[in-house]
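K.L.:
Residue numbers (the numbering used here), protein chains in the order written: chain A, 1 to 373; chain B, 1 to 373.
One or more hints might be untrue.
[To be verified] With a cut-off of at most 16 Å between alpha-carbon atoms, the simulated EDC-like pairs for lysine to aspartate or glutamate come out as follows: (1) A/Lys290 to B/Asp243; (2) A/Lys108 to A/Asp243; (3) B/Lys131 to B/Glu8; (4) B/Lys290 to A/Asp243; (5) A/Lys131 to A/Asp243; (6) A/Lys290 to A/Glu8.
[Unchecked claim] Over 12 Å on every C-beta distance to chain A, these chain B residues come out as not near it, computed from the model: (7) Gln6; (8) Ile12; (9) Thr33; (10) Lys41; (11) Gly137; (12) Lys160; (13) Ala230; (14) Ser257.
[Stated by the list, open to error] Selected chain A positions facing chain B (Cβ under 10 Å, derived; list incomplete): (15) Pro107; (16) Pro118; (17) Thr121; (18) Phe184; (19) Glu186; (20) Arg189; (21) Met193; (22) Ser227; (23) Phe249; (24) Gly293; (25) Trp314; (26) Gly369.
Hints in this document: simulated from the structure, not taken from any laboratory. Just so it is clear, CB atoms sit at the ideal spot from N, CA and C, and this is done for glycine as well.
Number of protein chains: 2
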Amino acid sequence: MKASIQSEILKIKESIKLDSGKYIDSCEVAYKTFGKPNRDKSNAILVCHALSGDQFCSGINPLTKKKGWWSILIGPGKVIDTNIFYVICSNVLGGCMGSSGPSSKNPKTKKEYGLNFPVITISDMVKVQEKLISKLGIKKLFAVIGGSMGGMQTLEWATKFKSKINAAIPIATSYRHSAQNIAFHEIGRQAIMADPGWNRGDYYKKKVGPRGGLSVARMIAHITYLSEHALQRKFGRNLQNSDFFSFNFDTDFQIESYLKHQGSSFVERFDANSYLYITKAMDYFDLSIKKGGLSKVFNNTNVKFCFFTFTSDWLFPTSETKTIIKSLNSSNSMVSFVEVKTDKGHDAFLLDEPEFHATLKGFIEGQIGQQGI
Amino acid sequence: MKASIQSEILKIKESIKLDSGKYIDSCEVAYKTFGKPNRDKSNAILVCHALSGDQFCSGINPLTKKKGWWSILIGPGKVIDTNIFYVICSNVLGGCMGSSGPSSKNPKTKKEYGLNFPVITISDMVKVQEKLISKLGIKKLFAVIGGSMGGMQTLEWATKFKSKINAAIPIATSYRHSAQNIAFHEIGRQAIMADPGWNRGDYYKKKVGPRGGLSVARMIAHITYLSEHALQRKFGRNLQNSDFFSFNFDTDFQIESYLKHQGSSFVERFDANSYLYITKAMDYFDLSIKKGGLSKVFNNTNVKFCFFTFTSDWLFPTSETKTIIKSLNSSNSMVSFVEVKTDKGHDAFLLDEPEFHATLKGFIEGQIGQQGI
Chain A
1 MKASIQSEIL KIKESIKLDS GKYIDSCEVA YKTFGKPNRD KSNAILVCHA LSGDQFCSGI
61 NPLTKKKGWW SILIGPGKVI DTNIFYVICS NVLGGCMGSS GPSSKNPKTK KEYGLNFPVI
121 TISDMVKVQE KLISKLGIKK LFAVIGGSMG GMQTLEWATK FKSKINAAIP IATSYRHSAQ
181 NIAFHEIGRQ AIMADPGWNR GDYYKKKVGP RGGLSVARMI AHITYLSEHA LQRKFGRNLQ
241 NSDFFSFNFD TDFQIESYLK HQGSSFVERF DANSYLYITK AMDYFDLSIK KGGLSKVFNN
301 TNVKFCFFTF TSDWLFPTSE TKTIIKSLNS SNSMVSFVEV KTDKGHDAFL LDEPEFHATL
361 KGFIEGQIGQ QGI
Chain B
1 MKASIQSEIL KIKESIKLDS GKYIDSCEVA YKTFGKPNRD KSNAILVCHA LSGDQFCSGI
61 NPLTKKKGWW SILIGPGKVI DTNIFYVICS NVLGGCMGSS GPSSKNPKTK KEYGLNFPVI
121 TISDMVKVQE KLISKLGIKK LFAVIGGSMG GMQTLEWATK FKSKINAAIP IATSYRHSAQ
181 NIAFHEIGRQ AIMADPGWNR GDYYKKKVGP RGGLSVARMI AHITYLSEHA LQRKFGRNLQ
241 NSDFFSFNFD TDFQIESYLK HQGSSFVERF DANSYLYITK AMDYFDLSIK KGGLSKVFNN
301 TNVKFCFFTF TSDWLFPTSE TKTIIKSLNS SNSMVSFVEV KTDKGHDAFL LDEPEFHATL
361 KGFIEGQIGQ QGI
């Protein structure tokens, strides 16, 4: 898979201490940039991707041949205008699009890591991103932005490296993964690990990996990205092929066909072990267990925050963002927050949502004025 | 499994035409009764079970050695008082607790049906129940009651055999399965069918059936039975075994351990093919495709209805019951309806919910007065 991915690669040769206590001795970060840095590199925006995302947030994804996952927002003349900004997006540590992860070869053994890859956290992902940003000669990021797991990374940047960012834009995210979200992830992992093709993570030399398990995991997750209302509106009880029920276990309803397609196309582009590692990192994420708890984690920050949530997002409901905002308000921080009314569920952050885009544009323009880039 | 199930068995020797157009030539219905019939058998209540339920709605389930699934509601002196009522509960057609289903032996071939068992509908289940009720010499049921899929059967009784029931008590149910519910079921089926142990439904002679797949299917479904709030309240992010994260893919959180237990214990008592057949029957359920649509389906009925929904039930939200009630109101029917405030989700219908139980008791007592039993 990786041979075909046209990305820049940063090789980090120093040893990085992970949250687990283990070290990763050398790792690679695959990244893409869009736009150009200005003279003092004060126009850099770091875009953080979600669970199934990658570094191809704009342009064309060379693997899928489709537009990048945030092309609607990022490009020349767009809300994140690459005529103005230098946009950086890297594949997360643990991923499968060129950054070091379980499908990478362990430089020591020359074999794929599999389950020998260390378990990582959102904070570990961010540590590696910070190495990349430093390497690119950027002293302070104009902004960090991301949705879902990208929002978790954004929040982590705002606590761990708060002096290195001007603004943080966490979207459709939370300060910690809820019990229900952990549950959905765990079922996805169980589906993968129950697949005999998984073979305890050692399947890279085999013809077939845990395709069935990964497909089921993706289908489960995919439902949580949509709202009940949007599913009903888009698919309802429409039948796929015939005028009446098939009375067998093939596809009857359009929703079934849609989900199966989601599952089978995901298997073509994603590594099952990466799915285990990245979901685990999300499950572990919890700002409230940092020193001082959630009420102290943002103390004395100069970061300007702009939060977005979506009314029909039941994976990361608005109430969780409000909890973060309460903490930020009590530490007298600069916070703006918009709850966008939509029936498109969690996935709304990737879609054409005019209110979201207009408000984000306003926030960015305000910051351009203040930062004078 | 079946040898140990102490139930009455009715053998139906006549051929029954199924909704698929196929016939089932002979079938068996496993059932339990509680309490005694009065002289004219006017005190009979039919209890319809949900997807994973069985005929052991009260007393002790001989397979699990646990109390019957609705023991909280049914028994001497309870809301459904077996000192007064003759309660009948039968395992659904397609089930695996003694009624004919895919794990039964086909009398013609002497082998388990597997996928040769005909695909069935809720209406087919009810046709078979009606044969049982007739055989027991009951002319008119005092009431039919059930939650979830049991509620679908209750609604089917109220349309198909409306002259044979006095009251219908549909709980936490709908007139049709929504796109989201179909989606969750389909993923469960995919998990089962992706398990090599499934072997296209032909696993009864093998040592191991699709245990992993069925376990994942149960875990998916189980999340939908609970509310996000109840999960957070009961489990939150509590860790299972240690003071800190394990940094491996074993169990970290209590919610993970709880779900795995739900999955693995279900596998001990349920047949994977039955899971396919019964979920399909639920997905097919749609009163609105009956002649005349939902607005006509309850026309000219003398059935007294009492509906219950639960505020945190996101599988069968109150709005869907309200749609049925609108239809009933326009046909001038006798309908009462209570939305019970609870954070326990869909499962609330099985749990200690005082408002639900008190209102149900009131409705039943009112009917006792009217019917004069």
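K.L.:
Go through the hint on A/Glu186 and say holds or violated, using the shortest Cβ distance to chain B against 10 Å.
P.N.:
Holds, because the Cβ-Cβ distance from A/Glu186 to chain B comes to roughly 4 Å (cut-off 10 Å).
K.L.:
Using Cβ atoms and 12 Å as the threshold, tell me whether B/Lys41 really stays out of contact range of chain A.
P.N.:
Its Cβ never comes within 12 Å of chain A, the nearest being 36 Å, so this holds.
K.L.:
Is the Cβ of B/Ala230 more than 12 Å away from each Cβ in chain A?
P.N.:
9 Å, violated
K.L.:
B/Ser257 clear of chain A by more than 12 Å, beta carbon to beta carbon?
P.N.:
9 Å, violated
K.L.:
Holds or violated: A/Met193 as interface residue toward chain B, Cβ cutoff 10 Å?
P.N.:
With Cβ-Cβ at 7 Å, under 10 Å, it holds.
K.L.:
Hint check: B/Lys290 vs A/Asp243, CA-CA at most 16 Å. Holds or violated?
P.N.:
15 Å, holds
K.L.:
Against chain A, does B/Thr33 keep a CB gap of more than 12 Å to every residue?
P.N.:
Check passes; 32 Å lies beyond 12 Å.
K.L.:
Have a go at the A/Gly293 hint: is there a Cβ in chain B nearer than 10 Å to its own Cβ?
P.N.:
At 13 Å from the nearest chain B Cβ, A/Gly293 fails the 10 Å test, so the hint is violated.
K.L.:
Tell me if the interface restraint on A/Trp314 is satisfied: Cβ within less than 10 Å of some Cβ in chain B.
P.N.:
7 Å, holds
K.L.:
Can the restraint linking A/Lys290 and B/Asp243 be considered satisfied, given a maximum Cα separation of 16 Å?
P.N.:
15 Å, holds
K.L.:
Does A/Asp243 sit within 16 Å of A/Lys131, going by the straight-line distance between their CA atoms?
P.N.:
58 Å, violated
K.L.:
Taking only the CA atoms, is the gap from B/Lys131 to B/Glu8 under or equal to 16 Å?
P.N.:
Between B/Lys131 and B/Glu8 the Cα gap is close to 14 Å, so the pair holds against 16 Å.
Checked against the numbered hints given earlier, this structure breaks hints 2, 5, 6, 13, 14, 15, 24 and 26; the rest are met.
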